[in-house]
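Its first residue numbered 1, the sequence shown is counted upward by one per residue in full-length UniProt numbering.
Treat the hints with caution; some may be incorrect.
Stated by the list, open to error - Capping the alpha-carbon separation at 25 Å, the derived lysine-lysine pairs in BS3-like fashion look like this:
id : residue 1 : residue 2
1  : K160      : K145
2  : K81       : K153
3  : K81       : K145
4  : K81       : K49
5  : K81       : K160
6  : K160      : K49
Read the hints as simulated data drawn from the structure, not as lab findings.
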Amino acid sequence: MLSQYRVIEHARSRRRSFYFNPHRDVLWLSFDCTDQPDYLRDLERCYGKQLNAIESLLVEELEWGETTPVGYSFDYLAPFKGLQTILILFGDNDKDASSDTKEDLDNENNDGECGEDNSEDSDENSDQGSKIEAGGLYACADIVKAEYTEFLKDHEGIAKSIRCMDRSGTFY
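Can you build the whole structure from these sequences, using the hints too?
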């Protein structure tokens, strides 16, 4: 079982090395790597060609949506030459949903953002709210996948496939 894992060694510090199963584990490319270019450069400098072993990478939908598949792929995914699958994560991790009012949630959902909470006040409406949210997430996932498929027609894609999921692990 341990033979499936490989050590991803840090160039300067053994404590920053880690074990990774390239076929099962997913690297989460955080906002730090995309908002601060030095983070991505440091990642490349410290781990080098070992990054080519990573096959699955998770990206926040909010970040993926800020640019085009072409822009995101060339700007952030280039160090991962072995990448097979991009996982787009819907939903906002920074929001504390318990502090949102119904009006806040309604305003967010009317702005057309994918992956936002679509809570309802009463239990009777919660199933309907979940169905509406799931329908919206399926629609958003279809758009993301179609854009990436179009990108693959004109460019050699960094990854072979793109999948979309929410924070509860449901794939769309």
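Hint check results:
no.	hint	in the structure
1	K160 x K145	holds, 11 Å
2	K81 x K153	holds, 19 Å
3	K81 x K145	holds, 20 Å
4	K81 x K49	holds, 9 Å
5	K81 x K160	holds, 11 Å
6	K160 x K49	holds, 19 Å
The structure is consistent with each of the numbered hints, conforming to all of them.
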